[in-house]
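Chains F and L, in that order, give the protein sequences.
Counting in this note's numbering, the first sequence runs from 1 upward without gaps.
Counting in this note's numbering, the second sequence runs from 1 upward without gaps.
Just so you know, these hints were derived from the structure itself, not from any lab.
A virtual CB, placed ideally from N, CA and C, is assigned to each residue, including glycine.
Among these hints, one or two may not hold up.
[Claimed, not checked] Selected chain L positions facing chain F (Cβ under 10 Å, derived; list incomplete): (1) Asn3; (2) Lys44; (3) Arg48; (4) Arg148; (5) Ile247; (6) Ile270.
[Claimed, not checked] Capping the alpha-carbon separation at 16 Å, the derived lysine to aspartate or glutamate pairs in EDC-like fashion look like this: (7) F:Lys118 x L:Glu263; (8) L:Lys118 x F:Asp300; (9) F:Lys44 x F:Asp258; (10) L:Lys157 x L:Glu76; (11) L:Lys101 x L:Glu151; (12) L:Lys154 x L:Asp219.
There are 2 protein chains.
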Amino acid sequence: MANLALGLHGGCGTLDRSLMSEDDWAESRQHIAQALRAGWAVLKADGRAIDAVQATIMVLEDSPHFNAGYGAALTENFDHELDASIMDGATLDAGAVTSIKRVRNPIQAARAVLEGGKAVLLTGAAADQFAEQAGLTMVEPDYFTTQRRIEAVKSLKQRALTGTIAKASEAEKHGTVGAVARDSQGHLAAGTSTGGFNNKPLGRVGDSPIIGAGTYAKDGVCAVSCTGQGEIFIRRVAAYDVAARMIYGGQSLKQASDILVHETLASHGIGAGMIVLGAQGNPLAPYNTLGMYRGWIGTDGRMTVATHHDLYELGDA
Amino acid sequence: MANLALGLHGGCGTLDRSLMSEDDWAESRQHIAQALRAGWAVLKADGRAIDAVQATIMVLEDSPHFNAGYGAALTENFDHELDASIMDGATLDAGAVTSIKRVRNPIQAARAVLEGGKAVLLTGAAADQFAEQAGLTMVEPDYFTTQRRIEAVKSLKQRALTGTIAKASEAEKHGTVGAVARDSQGHLAAGTSTGGFNNKPLGRVGDSPIIGAGTYAKDGVCAVSCTGQGEIFIRRVAAYDVAARMIYGGQSLKQASDILVHETLASHGIGAGMIVLGAQGNPLAPYNTLGMYRGWIGTDGRMTVATHHDLYELGDA
């Protein structure tokens with residue numbers, strides 16, 4: 001029996017600590033812990049890795065602290081276009097949605113596409129409709145909107161006018177949630193969900209719903225979920241490149257994921273991070289930014305949560 | 001200076017020869033030759049590989065014999081949702097569009113996204129709008145519709161009612177166009193364009209617009225464009241897997257592409273094909289179906305066109 005393990009990221013666009021209120025910071029860590037407990041409960045009950053990934057991501061989607069579901073980034077039109085994907089490492093089955101507007105939990109929509117079996121990727125209003133027919137909880141588009149995101153887009157538009165767009169913080173540019181899990185059968189799974197980035201162009205799709213770019217899982221190799229400027233992850237086929245380096249190049253998970261984050265992706269000058277998990281052992285969470293919301297429950301059943309450099313060991317999950 | 005080379009596919013959903021009229025068959029071969037000449041003219045004038053790919057694909061998009069642009073497959077709603085992508089192996093720049101409805105040449109829209117520099121992938125009405133603002137030729141959605149596709153969808157719907165859907169031919173299910181090129185500077189490029197498949201579900205996106213799945217190019221390694229059931233190509237990250245086998249596993253282009261088409265993809269029971277091109281040498285066109293529309297101009301400047309098993313050597317391009 002494989003060692004159970006679960007990991008998540010909440011985006012590598014973490015704010016500078018000095019810009020976060022103590023309350024916001026504490027609550028974001030609580031929500032990370034809550035998400036980990038939701039996924040862990042699935043794994044402890046001999047549930048499937050893919051169900052644990054979904055349960056973990058749903059908690060993050062429901063939290064306003066992360067850029068997915070409720071609290072997601074706003075487009076240039078002040079609305080939301082949400083993307084998500086999920087992959088089962090046991091079968092290489094996958095499901096994904098892009099530019100959906102009405103499904104409360106986009107990761108559920110991705111899962112519904114996977115279970116539907118007729119497509120891997122659905123986009124736009126047809127994807128919302130598919131999710132509705134699959135019985136998922138639908139919401140009005142403004143359900144996802146928080147005051148913080150409205151302020152962020154207003155600020156970005158103002159700075160674009162005054163030519164100071166380059167100063168947009170990582171927190172305004174990036175953010176995504178994702179999870180990886182290994183279950184009692186040794187199966188792996190990965191999933192990712194995002195609102196993109198604040199003030200994003202209409203119709204823009206990043207790496208999060210792209211199997212191989214933002215999400216990848218294959219039993220016996222690894223499970224990967226990415227965060228950062230999605231265009232580069234697509235061009236670098238980043239999530240699958242971690243797996244390919246292991247499969248064909250004999251690299252370790254740590255080597256492969258470190259090279260991607262600190263060399264391949266960093267060479268484009270972008271912020272990047274990943275949560276990754278191997279066939280055995282604990283999750284790894286490389287990132288090249290100021291911080292990355294992240295957490296994991298290792299093979300010893302103990303939980304770790306972090307936002308910046310310091311790790312918070314929270315004991316038994 | 002590298003050897004110039006150009007290759008294309010027009011989909012691995014070739015009809016059984018006995019079902020093709022002599023005229024249709026001859027004209028489809030003529031259009032393949034015409035597409036090759038368009039791309040070759042770019043390469044001979046010391047043009048860029050990516051421009052040759054685009055020029056080649058535009059001819060195929062304008063031909064009713066292939067499932068892209070004019071003559072593209074129809075969705076279940078009897079309209080068109082077109083996908084395309086293009087990648088520059090020199091820079092790993094890429095552009096792609098999904099579910100567009102009004103751009104005459106979807107590969108131009110993908111190129112415009114690449115040149116725009118703000119996104120790699122745009123979807124839906126926003127992608128059409130982006131293309132229009134980029135000055136591309138726009139058409140009414142019914143421009144793409146041919147009688148042959150209407151009949152095909154009607155027939156598929158009828159057979160679905162009577163439970164004989166399994167008998168849908170490969171030609172009704174698959175079809176896509178793509179090209180790969182190597183220019184006088186040794187740069188590689190690849191592109192793919194498709195209407196999906198007849199009677200496809202609304203919102204469904206296959207591998208053609210997905211960098212790493214349907215299209216991939218990297219200088220010094222290979223250029224790849226795929227055709228076949230896109231869902232499997234996405235799950236197998238097929239186009240990039242060819243490159244990864246070469247980069248990390250030291251496989252030859254022939255080994256890598258043959259394994260993908262005849263083992264990896266075939267193991268899912270699907271029809272699959274690719275046109276691939278290496279850092280040197282002639283294009284290869286592996287496929288596991290009855291036939292694949294294909295053609296290339298090799299390093300000796302001589303043109304070959306084929307639809308089924310037999311190759312037609314057409315002499316100097």
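Hint-by-hint comparison with the structure:
Interface restraint check for L:Asn3: the shortest CB-CB distance to chain F comes to about 26 Å, outside 10 Å, so the restraint is violated. Proximity of L:Lys44 to chain F is violated relative to the hint, the smallest CB-CB distance being about 29 Å (cut-off 10 Å). Residue-level restraint check for L:Arg48 is violated (minimum Cβ-Cβ distance to chain F is 18 Å; threshold 10 Å). Interface restraint check for L:Arg148: the shortest CB-CB distance to chain F comes to about 24 Å, outside 10 Å, so the restraint is violated.
Given the 10 Å rule on beta carbons, the hint for L:Ile247 holds: about 8 Å separates it from the nearest Cβ of chain F. With 10 Å as the threshold, the beta carbon of L:Ile270 stays out of range of chain F, its nearest partner Cβ sitting at about 13 Å, so the hint is violated. With a CA separation close to 22 Å, the supplied pair F:Lys118 and L:Glu263 exceeds the 16 Å bound. In summary, the hint linking L:Lys118 to F:Asp300 is not supported, as the alpha carbons are separated by about 44 Å, beyond the 16 Å threshold.
Between the alpha carbons of F:Lys44 and F:Asp258 the distance comes to roughly 30 Å, so the proposed pair goes past 16 Å and is violated. A C-alpha spacing of about 8 Å is found between L:Lys157 and L:Glu76, which places the hinted pair at or below 16 Å, so the restraint holds. Distance check on the hinted pair: L:Lys101 and L:Glu151 sit about 20 Å apart at the alpha-carbon level, beyond 16 Å; violated. The suggested pairing of L:Lys154 with L:Asp219 is violated, with an alpha-carbon distance near 44 Å, which exceeds 16 Å.
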